[in-house]
Structure formats: C-alpha cells, structure tokens
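**Q** Residues per chain, in single letters:
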Amino acid sequence: MPEIDIHDRPALLEARRLAYARNDEPIFGPLDFVLHAGEVVLIEGDNGAGKTTLLRVLSGLLEATSGDVLLDGEPLTLAKLSHQVALLGHQPGLKGDLTANENLRFAAGLGGVRAGISPATALAGVGLEGFADVPTRELSAGQKKRVALARVLLAPVGLWLLDEPYANLDLEGIKLVNRLLEMHARRGGAALITSHGAYAFTSGTPRRIPLRGSLREIPPAGAGQPGVPR
Amino acid sequence: MKPGTTLAACSALIGRDLTLVWRRRGDALNPILFALIVVALFPFALGPEPDNLRRIAAGVVFVALLLSGLLALDTLFRGDYEDGSLEQLVLSPHPLALLLACKIAVHWLTTALPLLIVAPLLAEMLNLPHAVLPVLLTALALATPLLSLIGAVCVALTVGMRRSGMLLALLVLPLYVPVLIFGAGACNAAQAGLAFMAPLLWLGAGLVLALVLAPLACAAALKISLS
Chain F
334 MPEIDIHDRP
344 ALLEARRLAY
354 ARNDEPIFGP
364 LDFVLHAGEV
374 VLIEGDNGAG
384 KTTLLRVLSG
394 LLEATSGDVL
404 LDGEPLTLAK
414 LSHQVALLGH
424 QPGLKGDLTA
434 NENLRFAAGL
444 GGVRAGISPA
454 TALAGVGLEG
464 FADVPTRELS
474 AGQKKRVALA
484 RVLLAPVGLW
494 LLDEPYANLD
504 LEGIKLVNRL
514 LEMHARRGGA
524 ALITSHGAYA
534 FTSGTPRRIP
544 LRGSLREIPP
554 AGAGQPGVPR
Chain E
20 MKPGTTLAAC
30 SALIGRDLTL
40 VWRRRGDALN
50 PILFALIVVA
60 LFPFALGPEP
70 DNLRRIAAGV
80 VFVALLLSGL
90 LALDTLFRGD
100 YEDGSLEQLV
110 LSPHPLALLL
120 ACKIAVHWLT
130 TALPLLIVAP
140 LLAEMLNLPH
150 AVLPVLLTAL
160 ALATPLLSLI
170 GAVCVALTVG
180 MRRSGMLLAL
190 LVLPLYVPVL
200 IFGAGACNAA
210 QAGLAFMAPL
220 LWLGAGLVLA
230 LVLAPLACAA
240 ALKISLS
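Sequence lines, in order, name chains F and E.
Each number in this note's numbering corresponds to the 1-based position in the first sequence with 333 added.
Each number in this note's numbering corresponds to the 1-based position in the second sequence with 19 added.
What the hints contain is simulated information worked out from the structure, not anything from laboratory work.
It is possible that part of the hints are untrue.
[As the list claims (entries may be wrong)] SDA-like, lysine to any residue: derived pairs with alpha carbons at most 25 Å apart:
1. E:Lys242 to F:Thr385
2. F:Lys508 to F:Ala518
3. E:Lys242 to F:His416
[What the hints assert, rightly or not] Covered, in the sense of this in silico footprint (three residues per stretch, anywhere, with C-beta under 8 Å from a C-beta of chain E), are these stretches of chain F:
4. 392-399
5. 424-438
6. 443-455
C-beta atoms are modelled at their ideal positions from N, C-alpha and C, and glycine is treated no differently.
Taking the hints into account, I'd like the entire structure generated from these sequences.
**A** Structure, rendered in structure tokens:
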C-alpha cells in the first residue's frame with residue numbers, strides 16, 4: 334500500500350480478503366482495504382453491488398464468509414466493536430411515536446454520549462432546531478435522516494459506518510453531511526460511507542473503494558478515480 | 020468520550036418502551052378486551068348453569084389469558100425490527116441478553132399484568148369458587164412471565180420473516196401446553212380439595228429456569244434473525 338502521512342499509524346480498520354456469500358452466492362469480495370484514523374472512504378457500487386452488506390459485515394451484524402476484519406490490529410468481535418462503531422442503516426432506527434429529542438435521549442442512554450455534545454446540540458448540529466418536540470412520525474424522510482445523523486453525531490465512537498447518508502437529503506443536507514464527515518475526520522475519527530454515485534461528496538476527494546458484486550481491489554491512493562457507470 | 024453505563028442503557032430502554040406503550044395506550048387494551056370477550060362467550064355457548072361453569076372456570080380463564088398473551092406476543096420485537104431500532108440494540112455496547120430481558124419485562128408489565136388484574140373479574144364471571152381464586156392468581160402470576168419469556172424466544176426466531184404469525188403460533192403452542200397443564204392443573208386440584216402445591220412449584224422452577232436462559236436464547240435468536 335503506498336500510504337503516507339497519516340498512515341504511519343496502525344490502521345483503524347483493516348479488511349483482508351473479506352468476502353460474503355449468501356447461500357453460496359457471492360455478494361461481494363474478496364476485498365482488501367485499510368482505513369486509517371482521520372480518513373473518509375467512499376464505497377462505490379451500483380445497486381445490488383453489496384455496499385449495505387459490506388457495512389453490515391463491518392459493523393458485526395453479519396459474519397463474513399471468508400477473510401478477516403481487523404479493528405485496531407485485532408480480529409473483530411461484536412463485543413469489542415460496539416464501543417467504537419456507529420452504524421447508520423437504511424432504516425433510521427427512530428420511533429415514530431417519540432419526538433426527535435426523546436429518540437436521541439434514548440440513543441444517548443443506550444450508547445453513551447460524546448463529551449461536549451447533548452441531544453439538543455446534536456439536533457442543532459444537523460439543522461433541526463425547533464423540531465426537538467415533534468414526533469418523528471411527522472418529519473419528512475430527509476428530516477428523519479438528519480435525526481439519524483444526529484444520533485451518529487452523539488455516539489462516542491471513532492468509526493462511522495454510514496449507509497447512503499446522502500439519500501433523501503436536499504443540497505443543504507448533502508453539504509451538512511460533508512461538513513460532519515470533515516469534522517469527524519479532523520478530530521481523528523474515520524468514516525466509511527456508501528453511495529451509488531460519488532457526485533454528492535463535494536469537499537475534497539475521498540478515497541474510494543469500488544464494489545462490483547464479486548471482487549474488486551482498491552486503486553492506489555491518488556490514482557485516477559475509476560468512473561462508476563450510473 | 021464516555022460510553023454510558025449498562026444501568027443507564029437498561030433504564031433508557033425501559034423508559035422508552037413504557038413511553039411507547041403509553042402513547043398507544045388504546046392498543047394496550049386489546050388483550051384485555053380479547054380475554055373478556057372469550058370468557059363472556061362461554062356461558063352463552065354452554066348454558067348458564069353455575070355448576071357447569073364452575074367446573075371449567077379455571078381452565079377457561081387460563082386459556083383466555085394464554086391466547087390473548089399470544090395475540091400480543093408478535094408486537095414484542097416487530098416494531099423495533101421494522102424501524103431498525105433492533106440493529107441499534109444489537110450494536111449497543113451492553114449485554115444484549117440483559118437489554119432483551121428489560122424489553123420482555125416491560126412487555127409482561129404492559130400486556131400480562133393488566134390481564135392478571137382483571138383475572139378475578141373473569142373468574143367471577145364463570146362462578147369460580149372464591150377459595151380457589153388465590154390459587155388461580157398465584158398460578159397466573161407464575162405462568163404469565165414464563166409464557167412471555169418462552170414466547171419471546173420464539174418471536175426472536177421468527178421476527179425476520181414476513182407473515183410469521185402462523186409459524187409463531189405453531190412454535191409457541193407446544194411450549195405453552197406444559198405451562199397450561201401445570202397452571203390449570205393446580206387450580207383444578209385446589210377445586211377438588213387435593214394438594215396443589217406440586218404443580219405450582221413446577222411452574223416456579225420453570226420460571227426461574229426461563230428467567231436465566233430465555234434472554235440468552237433470545238439474544239442468540241435475534242442475532243440469527245438479523246443476519
């Protein structure tokens with residue numbers, strides 16, 4: 334790996350020949366990649382390329398069929414992992430009958446809170462001031478996404494796994510996600526995000542991992558970004 | 020960065036589930052109404068002779084409570100599964116079995132406890148001898164948490180499937196039968212003036228066993244359902 338600068342630190346997350354198959358049908362992989370602290374990596378792939386499955390494997394919800402995932406240099410287990418990973422899935426994980434604030438307070442109770450942030454400031458951080466007491470059932474899909482992002486923001490973890498964080502968001506929301514990702518990377522966190530097109534990520538050029546069903550490897554950093562057919 | 024304590028996580032979960040039930044308190048009345056209707060229909064079908072009813076009273080109350088518990092069982096994890104909260108629960112840094120035990124406890128508290136409270140009324144509707152009522156209530160107090168715990172394991176196994184209602188009933192009913200036999204058996208024995216402690220003790224033993232093992236089985240089953 335021709336990695337430099339921030340990369341002399343041990344990798345936060347490392348996948349070696351990682352593959353997942355459901356009923357003998359390969360979903361993705363084998364895949365090798367390294368994620369360092371302070372890095373945002375974009376997993377690209379068409380619909381059905383296995384992006385969501387990859388994130389579920391990395392979050393420990395699914396067990397990889399073959400290959401290893403190393404977290405801080407050690408094999409991944411759900412028990413160790415859960416202290417360090419926040420997952421934003423397709424379902425926002427919010428209760429429609431509870432208000433945004435109640436949902437976040439529950440998340441805070443369940444997973445703990447990052448120092449210096451509270452449910453209220455997290456909501457303000459995703460541009461939802463004034464929506465704290467609205468039942469999330471009444472929020473739009475984009476607003477729900479923002480509440481879910483606030484939950485990720487709140488979690489005291491280093492690694493964010495965001496599945497389609499741009500889906501349902503308006504332009505302002507897309508910028509917001511980019512801002513949050515940059516801030517998270519600056520404070521030494523890392524994030525893996527999936528997208529079926531990189532158009533959304535406007536700030537900087539994140540490293541990309543193209544995912545196309547079965548095997549692909551990572552292009553060396555800095556090499557021409559492979560265009561993904563859309 | 021401070022991960023919360025397990026105690027905080029449990030109380031957050033209990034608080035959330037209680038709030039959710041309170042927001043939908045109309046739905047929480049369904050099991051009670053169901054049990055009331057079932058019990059009220061028996062005298063119409065069998066005729067209102069008090070002696071007839073007295074003979075079957077304990078058994079009918081037991082079956083009515085068991086079935087209305089079964090009716091409420093599916094809601095235990097369904098909502099959490101559908102909106103993704105269940106994933107967050109599994110990914111939380113706290114022991115999943117403990118969190119699930121809290122969920123089951125809240126479920127019992129909000130679906131079975133109200134039934135236990137109306138049980139004397141149901142018994143009265145069927146003319147159960149007053150002397151047997153304490154035995155019935157004890158048996159129900161031991162049996163309903165046991166039913167909730169056994170049911171939770173089966174729900175955890177089937178939550179990943181659509182239209183799992185029939186499968187759930189098929190899985191659960193054979194496991195419920197022994198509980199029913201011991202519970203209703205204790206009441207029948209008491210009614211006949213025989214010793215009734217043994218079946219009650221069996222129920223207690225089963226409850227203790229389920230209290231320890233069911234949350235663990237539930238956690239394992241949920242992880243399978245989510246993958």
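**Q** Which earlier hints can't be squared with this structure?
**A** none
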